[in-house]
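Protein chains in written order, with the working numbering: chain A, 391 to 881; chain B, 53 to 154.
It should be emphasised that the hints constitute simulated quantities derived from the structure, not laboratory data.
Accuracy of the hints is not assured; some may be wrong.
[As the list claims (entries may be wrong)] Simulated pairs of lysine-lysine, BS3-like, Cα-Cα distance not exceeding 27 Å:
#1 A:Lys-779 to A:Lys-768
#2 B:Lys-146 to A:Lys-691
#3 A:Lys-670 to A:Lys-768
#4 B:Lys-146 to A:Lys-482
#5 B:Lys-56 to A:Lys-768
[As the list claims (entries may be wrong)] Covered stretches of chain A (chain B as the covering partner; in silico rule of three or more C-beta atoms under 8 Å from a C-beta of chain B):
#6 539 to 552
#7 687 to 697
#8 713 to 727
#9 839 to 847
Source: prediction; values computed, not measured.
Beta carbons: idealized from backbone N, C-alpha and C, even for Gly.
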Amino acid sequence: MSLDSLIEIRDAIRSGKTSSREWVDRALSRIQELEPKLHALVSYDGDRAMERAELVDEQIAGGQAVGELAGVPILIKDNLCTSWGRTTCSSKILENFEAPYDACVVQKLEAAGAIIVGKTNLDEFAMGSSTENSAWGPTRNPWDLERAPGGSSGGSAAAVAAGIVAGSLGSDTGGSIRQPASFCGVTGLKPTYGRVSRYGLVAYGSSLDQIGPFARNIYDLALLLKVIAGHDPRDSTCVNEPVPDYVAGLDRPLGKMRIGYAEEYFGEGLDGEVRRIVEKALDEYRAAGATVMPIHLPHMKYAIAAYYVIVTAEASSNLARYDGVHYGYRTADPRDYIDMYCTSRQEGFGAEVRRRIMLGTYVLSSGYYDAYYLKAAKVRTLIKNDFEKAFEQVDAIACPTSPTPPIRIGERINDPLAMYLLDVYTVSANLAGIPGLSMPCGFTATGLPVGLQLMGPHFGEEQLLQIAHAYQSRTDWHTRWPAIADGRSGS
Amino acid sequence: MSSKISEAEVRHVGHLSRLNPTDEEVQLFSEQLSEILAYVEQLNEVDTTDVQPTAHALSIRNVFREDVPTPGLTPDRALANAPRREGHFFAVPKVLDQDSGA
């Protein structure tokens with residue numbers, strides 16, 4: 391029995407072949423064994439997980455109906471509020487924060503019977519592309535511990551890649567699920583904006599944020615999406631669209647696939663090895679009978695500029711609430727209330743967060759609003775329109791997820807702009823609100839994972855997952871394990 | 053390269069953001085933010101005449117609910133993370149005082 395398939399684990403628990411307790415126990419053992427090296431987690435609650443596992447096992451033994459994820463251990467990013475334990479966003483300013491409510495996705499996972507074992511590490515407040523901006527220290531890439539797992543959902547990606555759990559949740563504002571999926575050799579999806587409720591997700595860029603799953607294959611990903619998607623009246627940006635059975639959809643015949651690739655994604659700045667590996671993936675689609683054709687996304691080169699204006703502007707507003715007044719860190723001896731705000735925030739936030747807050751404040755400030763924020767918002771419309779036109783001709787757009795293989799820890803930490811450029815292929819999906827996923831499509835000569843990104847039209851997850859599944863049914867990149875995962879099935 | 057954002061502007065923005073950067077940081081951020089803003093300048097190459105800004109990727113509007121009160125957080129839950137609490141209040145330094153500047 392392996393950790394290759396969350397659905398297999400779920401079925402085995404449900405049929406009584408194994409127990410939820412056994413799988414939670416395995417997750418806890420893996421955590422003990424790997425965490426000193428990996429640091430994928432911020433916190434976990436083994437007792438709570440075991441209690442809930444016992445409950446599921448009893449329900450199953452008693453013949454009661456149980457949920458779609460009953461008994462399966464899961465990890466979630468530490469910017470998702472849980473009414474137990476802490477929700478820190480990997481920030482000193484929320485080091486001791488105990489959320490008063492559960493996020494909607496937490497409620498949905500637990501209603502489906504999933505066992506949330508703990509919270510994973512992230513770049514502070516989801517701001518980063520390497521998980522190096524965590525106040526608790528970086529997470530390491532399971533394929534090479536000197537390298538970054540990507541970010542900001544590095545912990546959630548690494549935990550699945552290393553065989554701690556078979557599924558996890560992250561969040562994606564500019565690529566924070568897709569890029570770590572690529573760096574860690576796992577599969578990750580950013581759903582359409584509004585597909586999943588953001589209630590209980592600590593806000594970073596409210597018009598860009600989405601919660602999404604990590605798993606080892608498209609079937610498992612589809613199941614996680616099915617559980618977390620859906621309308622929630624507590625998130626007014628969440629859309630009231632029915633949730634299809636994404637898993638059942640995978641077995642339906644697909645017909646002729648039209649895959650587009652934009653020259654704008656294969657230009658300067660793309661690593662040669664990554665290019666060759668992704669081009670081979672496109673060949674695989676051709677061999678599968680898909681039409682693979684060039685398309686144009688003429689405004690793509692402006693995506694990073696537009697993104698970093700908009701997201702920092704939104705972040706400066708969203709993070710204004712961390713003021714030392716109602717919750718979170720407050721400085722010890724403020725002179726007055728202004729000093730309380732300024733010093734609490736200065737001491738509580740890390741450098742990258744402060745940098746983005748300042749940039750966002752600047753682009754929104756009087757005299758600069760039109761030149762920066764409004765301009766970026768207009769360019770955003772053009773980027774969105776580019777995708778709409780492209781989807782008249784193709785069903786999905788394929789490109790590399792990241793311009794480079796996984797970077798070394800420390801490589802870009804002193805060059806913010808170089809770090810931002812890691813997101814060059816991912817930010818446009820957030821700007822347009824369209825769904826995007828990353829799945830493994832090969833390895834570099836030194837054994838580092840490379841991800842293929844697929845993007846689809848709004849609420850087109852069903853077809854997007856089918857197209858991704860077509861690739862995984864002809865290849866086995868997604869089944870590979872790093873050496874660190876060798877102990878995963880032992881017990 | 054001329055600084056797009058001067059140290060004085062960084063201090064001003066720092067105050068608007070309610071942050072307290074050190075002198076070293078002001079200098080570092082002035083350099084780093086200038087580099088980022090220089091990169092962002094390319095947005096000016098784009099012709100956005102008659103283009104509407106996008107604030108929200110989807111076309112949903114006016115999400116309403118019935119004006120019916122539902123239970124919220126109890127005072128204890130709301131105050132549970134308070135750095136300083138007095139009864140049902142968050143305790144903070146004095147706000148109204150003729151000597152404190154704003």
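So, going through the hints one by one against the coordinates:
| no. | hint | result |
| --- | --- | --- |
| 1 | A:Lys-779 to A:Lys-768 | holds (17 Å) |
| 2 | B:Lys-146 to A:Lys-691 | violated (50 Å) |
| 3 | A:Lys-670 to A:Lys-768 | violated (36 Å) |
| 4 | B:Lys-146 to A:Lys-482 | holds (25 Å) |
| 5 | B:Lys-56 to A:Lys-768 | holds (22 Å) |
| 6 | 539 to 552 | violated (count 0) |
| 7 | 687 to 697 | holds (count 6) |
| 8 | 713 to 727 | holds (count 12) |
| 9 | 839 to 847 | violated (count 0) |
Checked against the numbered hints given earlier, this structure breaks hints 2, 3, 6 and 9; the rest are met.
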